[in-house]
Amino acid sequence: MMKPEEIFELLKQKFDDKIIGFENELPVDSYIVVNPLAIKEVSKFLRDNEQLKFDSLMCLSGVDDANEKKTKDEEGNEVIEKGTLSVYYHLHSIELGHKVNLKVSVSVDNPNVESVESIWRTADWHEREAYDMFGIVFLNHPDLRRILMPEDWEAGHPLRKDYKNPEFYNGMRVPY
Amino acid sequence: METKTLKTEELILNMGPQHPSTHGVLRLELELEGELIVNVKPHIGYLHRCFEKHAEAMTYPQVVPYTDRMDYLASMSNNLGYAIAVERLMGIKVPERVEYIRVIMAELQRIASHLVALGTYGVDIGAFTPFLYCFRDREKILSLFEMTCGARLLYNYIWVGGLSHDIHPDFVRLTKEFVEYFRPKIVELNELLSFNKIFIERTANIGILPLDTAINYGVTGPMLRASGLKWDLRKNDPYSIYDRFDFDIPVGEGEKGTVGDSWDRYFVRVQEMEQSLRIVEQAIDQIPEGNVHEAVPKRVKPPKGSIYSRVENPKGELGFFIISDGSVNPFRMKVRGPSFVNLSVLNEISKGHLVADLIAILGSTDIVLGEVDR
Amino acid sequence: MYDILTNIFGNQIVAYIIGAALPLFVWILPFVLFAVLGERKVSAHMQDRLGPMRVGYHGILQTVADLLKLLQKEDIVTPAADRKLFNLAPYIVFLGSYAAFAAIPFSSIYIGSGIEVGIFYILAVSSFVVVGILMGGWASDNKYSLLGAMRSAAQIVSYEIPTAIVVLTLVMLTGTLNLNTISQQQTAYFWNWNILGGAAGSGITQILLIPFMVIAFVILFISTLAEVNRTPFDIPEAESELVAGFHTEYSGMKFAMFFLSEYANMFAVSAIVVTLFFGGYQSPFGYLGNSLGIPWLIPVEQLFWFLAKGVFFVFVQMWLRWTLPRLRVDQLMTVCWKYLIPYAVFNLLIVGIISLL
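Protein chains in written order, with this note's numbering: chain A, 1 to 176; chain B, 1001 to 1374; chain C, 2001 to 2357.
FYI, nobody ran anything at the bench for these hints, they're computed from the structure. Among the clues, some could well be false.
[To be verified] Derived coverage of chain A by chain B (criterion: at least 3 residues anywhere in the stretch with Cβ under 8 Å from a Cβ of chain B; other residues may be distant):
#1 7-16
#2 84-98
[To be verified] If you want the ones that stay clear, here's a sample from chain B, every Cβ over 10 Å from chain A, calculated:
#3 I1044
#4 F1195
#5 G1218
#6 N1236
#7 F1245
#8 P1297
#9 F1331
#10 V1345
By construction, the Cβ of each residue, glycine as well, lies at the ideal position given by its N, Cα and C atoms.
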């Protein structure tokens, strides 16, 4: 049994700057923030390390952080700081009985996250869902298609906060 | 005339979305060689009702009826899972009476859900009669629920912090009667279906799911237990008051074939019904006095933060991932449905079997499309 | 029978036409109406429910209402279907099961055709059913239908072998292929029935034969069950796998034809079982007509006994259907080739040796 803080220290030693930080201000769950392109290595380590043995990925969720900021620079022009999309990984070790949560954040413009499908096969469909709902692209995913929405849904990714319902879908009125 | 070289190619068979044994609107794209399965590609989403998007526009109590509609065969358990997640986020302690009633409801619901699973499994294999026996008994549970909250399928009964109604004065007596009535019915089901030679021939050694694959795929619930792991959140990650009751976790033993085959998955459910009866029996005698509305908050407004909370549903681990931004609406709500995850392993375990076996495997995973698609 | 009809109508051709149509209108159609309702009632009562209750007293007219509905239904032919074969298939299937009735002795005076090779004729003509099913499955241009038809063809062709071997056993004992003669041999009382070794005459051989005749009966019953595609062998139309198998694409009256021939077939195979093993139309206890001295009562009694026995075996088929799950297609073949055929051949040898004693 290891506490999330201890796991964070262990990861920090091993991966150094690929581990971005530890979010603990939240009342219930805490998160280890990881570099989105290093998540696969970190996951592999978490799964295979003798002390950690995180053999089960309970849940993988995409989130639109909706933190787009509009500021004015010195000349009075509007500067838009694009928001981020996050992916939350909830891990659990069946053998050792401890839990840890990971988080990666990527910019809306370039939402690329390394896929962990090869570490935990259960991530396959979860990642497809995150792609479908948020447009997060999982690199090296074998079959990244829409999963819940129709394959020809062109109006974007519905769980994003700025999503607008389309007027028509294949010539059919959507709001009825 | 030029003779073309003869070649064979795989037969692509579209099974569903309208098909008698896909248990709803599931489409399976089968690649067949004769009747031998080369590849199964599930296509889901036909029942997608935007639960997660809806939840963002609702207040926390308003979400409860939507949770009913996910796994519509186990609405009580969904309610419970959601209520527990929000209560944990807000730090609410619910009265003892509520806890006991919740456990009784959840266990009765587990029996009802398993009855549907076992009955429809019989139909998949070709035995129609056990199906109606199961539904006859399930009706009795639904009547108990109806007496309690007025609804037979979608209850909206377990609220954040409490319950919508207290139980009916007759509930305790009738539940005891049901337990007495139902015990022999499990034996009857075993005689009629579980130990039928043809049924065993059809299900034993079919769709074997090894334990490491099961864990890697995140498979939970009776499917995981059938693969031989004693894993039940009611014992391993206790919630509510499950630590007070004495019950066993049935696991697959490969009695008729190999550990983790379809028969094991079926039989684990049969045994779980007995265990649920035990829990109901223990809980029904101990319900303390109290007010079920006592802890229901006037305004559900959790602090800023997030939680991943999970409970053991009849079909497996139901997880709610809720991010709160401190307002009355959830900022993000993700549901980790057990059926969704359990279905993803289908291709892995059905390769090399016949089409008829695919039906047996699919039936033994016990999916509800309402939860797969949400 | 034709002599009587010729006397009544004064013309041989009219007599033959009426004679051929009689089983259809006098027995098959009423039987199907009765059997469909019976199946629904039997299944309902086995499953703790009531079944159809609205049309007529306890739903007696339900099948009539269903038939009227089917008659009015649109006759859909899918665009990609092979029209000719598609339209022909239900009639061929019906032909197969209907033609079998020609050689079945309902009573000592009521037999369509008393041909000498009766049982052989029935075995041959019932193979038409396979042709029809295969045609329907292929012409529908539906993968489920095709799979169903292929399974069905494999199944029926395979199960004809144990049927034929058991029939051979009986033919060896009785020395005739004529079903009427076989029925006549089992006259008087039930210990003369073939299931109790009646064909061997009496004494030690008869007692020795009993176990082997029971085995032969069980094999014949199982394989006829498979030939008419009933559970546990209803693999060609396994609704949980193949939607409806070979008749997935059929609607309206053509679907009803398949339905009709299924039930007609159920009775036909029961009739064969009854004729070969259970005394055919013979009464188990002697005839009331004999003791009362009314000769014309005897054929009526025979008719009653034949139908009663036949309906009983149809009931057993229903009973099995609502109790047992379905086998898988390869298990079905295993049952046939690895168990039924060797046992049947072995049984044939033993019976042959015993009858030489």
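Kindly indicate which numbered hints from before are broken by the structure, ordering the numbers from low to high.
-> Hints 1, 3, 5, 6, 9 and 10 contradicted; others consistent.
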